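2 protein chains.
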Amino acid sequence: MENIPSKFVERAVDELSKLPGIGRRTAMRLALHLLKQDEKDVELLGTSLIEMRSKITYCKKCHNISDSETCNICSNPSRDQSTVCIVEDVRDVMAIENTSQYNGLYHVLGGIISPMEGVGPEDLTIDKLRQRFEQEDIREVIMALPTTIEGDTTNFYIFKQLRDKSIKISTIARGVSIGNDLEYADEVTLGRSIVNRTPYEDDSTE
Amino acid sequence: MENIPSKFVERAVDELSKLPGIGRRTAMRLALHLLKQDEKDVELLGTSLIEMRSKITYCKKCHNISDSETCNICSNPSRDQSTVCIVEDVRDVMAIENTSQYNGLYHVLGGIISPMEGVGPEDLTIDKLRQRFEQEDIREVIMALPTTIEGDTTNFYIFKQLRDKSIKISTIARGVSIGNDLEYADEVTLGRSIVNRTPYEDDSTE
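Going line by line, the protein sequences match chains A and B. Using my numbering, count along the first sequence one by one with no gaps and you end on 206. Using my numbering, count along the second sequence one by one with no gaps and you end on 206.
Everything labelled a hint here was simulated from the structure, so no lab data went into it. Certain hints may be false.
Here are some of the chain A residues that sit facing chain B, going by a computed Cβ distance under 8 Å [as the list claims (entries may be wrong)]: (1) P5; (2) S6; (3) V9; (4) R11; (5) P20; (6) R24; (7) M28; (8) A31; (9) E39; (10) S48; (11) E51; (12) I96; (13) E97; (14) V195.
A few chain A positions that, by computed beta-carbon distances, are all more than 10 Å from chain B [unchecked claim]: (15) L16; (16) L19; (17) G21; (18) H33; (19) Q81; (20) Q101; (21) S114; (22) P115; (23) I149; (24) N155; (25) F159; (26) D164; (27) S166; (28) G179; (29) L182.
If you're wondering where the values come from, they're calculated on a predicted model, not measured in any experiment. The C-beta atom is built at its ideal place from N, Cα and C for all residues, glycine as well.
The task is simple: from the sequences and hints, build the whole structure.
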């Protein structure tokens, strides 16, 4: 993949291959695809990326991406302002919103604590979370971080900040996926789902 | 994946997901990655794509991408000007150049004939190829197109244009990959490799 015969293509391939999950081969394929597109379509792509980065703003309350100072969720009076769900990034907010099962607010950390990747608590919005607990009347916190070592570390770090306050803290349930056969669940998940068994509810009458 | 809470991110995700092999989920992941990068790095990416598309030029002889009117290969006097290798795109030129086994010129078609995708001979540089045969002293043509129905169709189309001329035409050999066990080769390839067997050469004395 050496010796690209144009320095413009070379530069574009260099930049594209900095994206996560995109190697030089894929970058070259994308560059050749773009060369076949209309000039104005490529301009749309390029400017949309630049504009997104330069004009992005975050909700001053929950730090979700937002076009206004306060996002639609935080400024919605029908949402429960006393419950906060803590998530890693905006994709998690979108995923939980899609379930229609949650009516509280969010707090977007912007990442999780990961010493391996050099991400410490100071790189996240944990300070802002602490401020929220002082300024808002928050009574319940739901931790919805990834089920990884990094996620658990972050859970614990935040838990330590909150345990002196009279706040109900929970994590989202881990267990067997709905619609899955037990034999396909991994041991750790299956084990946890037995330890954390929940009282039987008759869903059929719902 | 609906309801991205910022129209700037929405637009970037829309544009990114137009790229081949990138769905909305991957596009969202890329957009969130870019939001975490420095503003000037995202600007570098965006402008490199726009600049590539607007400033790209093609060698007027072989239609490879090139920063000069005639590419480095076509303008190299030590290369055999009487042999032309016909390829689909610049990646094939780079792949063949990497083998160091070819010293002739190329002709880059810019695609292959594919009625399914609406690509006809007029969308490729086949007219320019015909002109080259009138203007240059070409005595041998090597077809190096993909081994697909589209590749075979294109081979045949070009062959029809050339068969009245006294030009030696060949296709690159198809056969069992070097370093592969026979049992892993598919039937068609293995069958072809027997039909097109080559005289034994003792490579060990090289």
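Evaluation of the provided hints:
1. A distance limit of 8 Å between C-beta atoms decides the matter here; for P5/A the minimum to chain B is near 5 Å, and the interface restraint holds.
2. Nearest Cβ of chain B to the Cβ of S6/A: about 5 Å, under the 8 Å cut. The hint holds.
3. Hint status for V9/A relative to chain B: holds, with the closest Cβ pair at about 6 Å, below 8 Å.
4. Look at R11/A: its Cβ gets to within about 5 Å of chain B, closer than 8 Å, so that hint holds up.
5. Interface hint at P20/A: satisfied, since its Cβ lies 5 Å from the closest Cβ of chain B, which is below the 8 Å cut-off.
6. Hint status for R24/A relative to chain B: violated, with the closest Cβ pair at about 11 Å, above 8 Å.
7. Because the closest C-beta pair between M28/A and chain B is about 6 Å apart, less than 8 Å, the hint holds.
8. This hint holds: A31/A has a C-beta 7 Å from the nearest C-beta of chain B, less than the 8 Å allowed.
9. Because the smallest distance between the Cβ of E39/A and any Cβ of chain B comes to about 5 Å, under 8 Å, the interface hint for this residue holds.
10. With its C-beta approaching chain B no nearer than about 5 Å, S48/A sits inside the 8 Å limit, and its interface hint holds.
11. At its closest, the beta carbon of E51/A sits 6 Å from a beta carbon of chain B; the interface hint therefore holds under the 8 Å criterion.
12. Taking 8 Å as the C-beta cut-off, the interface hint given for I96/A is violated, the closest approach to chain B being about 12 Å.
13. Here the hint on E97/A is kept, as its CB sits about 7 Å from the closest CB of chain B, short of 8 Å.
14. Hint status for V195/A: violated, given a least beta-carbon distance of 32 Å to chain B, over 8 Å.
15. Annotated as non-interface, L16/A brings its C-beta within 10 Å of a C-beta of chain B; the closest such distance is 7 Å.
16. Once the 10 Å rule is applied to beta carbons, L19/A is inconsistent with being away from chain B; the minimum gap is 6 Å.
17. For G21/A, the non-interface assignment is contradicted: its Cβ lies about 7 Å from the closest Cβ of chain B, within the 10 Å cut-off.
18. Remark: the non-interface label on H33/A conflicts with the geometry, its nearest Cβ contact in chain B lying 5 Å away (cut-off 10 Å).
19. No beta-carbon of chain B comes within 10 Å of the beta-carbon of Q81/A; the shortest separation is about 18 Å.
20. With 10 Å as the threshold on Cβ separation, the claim that Q101/A sits away from chain B holds: the shortest Cβ distance comes to roughly 15 Å.
21. Chain B leaves S114/A outside its interface by the beta-carbon criterion, the shortest separation being 13 Å against a cut-off of 10 Å.
22. Interface exclusion of P115/A from chain B stands, the closest Cβ pair being 18 Å apart, more than 10 Å.
23. Listed as outside the interface, I149/A is consistent with that label: its C-beta sits roughly 21 Å from the nearest C-beta of chain B, beyond the 10 Å cut-off.
24. A cut-off of 10 Å between C-beta atoms confirms that N155/A is not in contact with chain B; the least separation is 21 Å.
25. Here F159/A stays apart from chain B, with its beta-carbon at least about 25 Å from theirs, past the 10 Å limit.
26. The beta carbon of D164/A is kept farther than 10 Å from every beta carbon of chain B, the shortest such distance being approximately 32 Å.
27. Residue placement check: S166/A keeps its beta carbon more than 10 Å from all beta carbons of chain B (closest about 31 Å).
28. With a least beta-carbon separation of about 20 Å from chain B, G179/A lies farther than 10 Å from that chain, consistent with its non-interface assignment.
29. For L182/A, the requirement that its beta carbon stay farther than 10 Å from each beta carbon of chain B is met, with the minimum near 28 Å.
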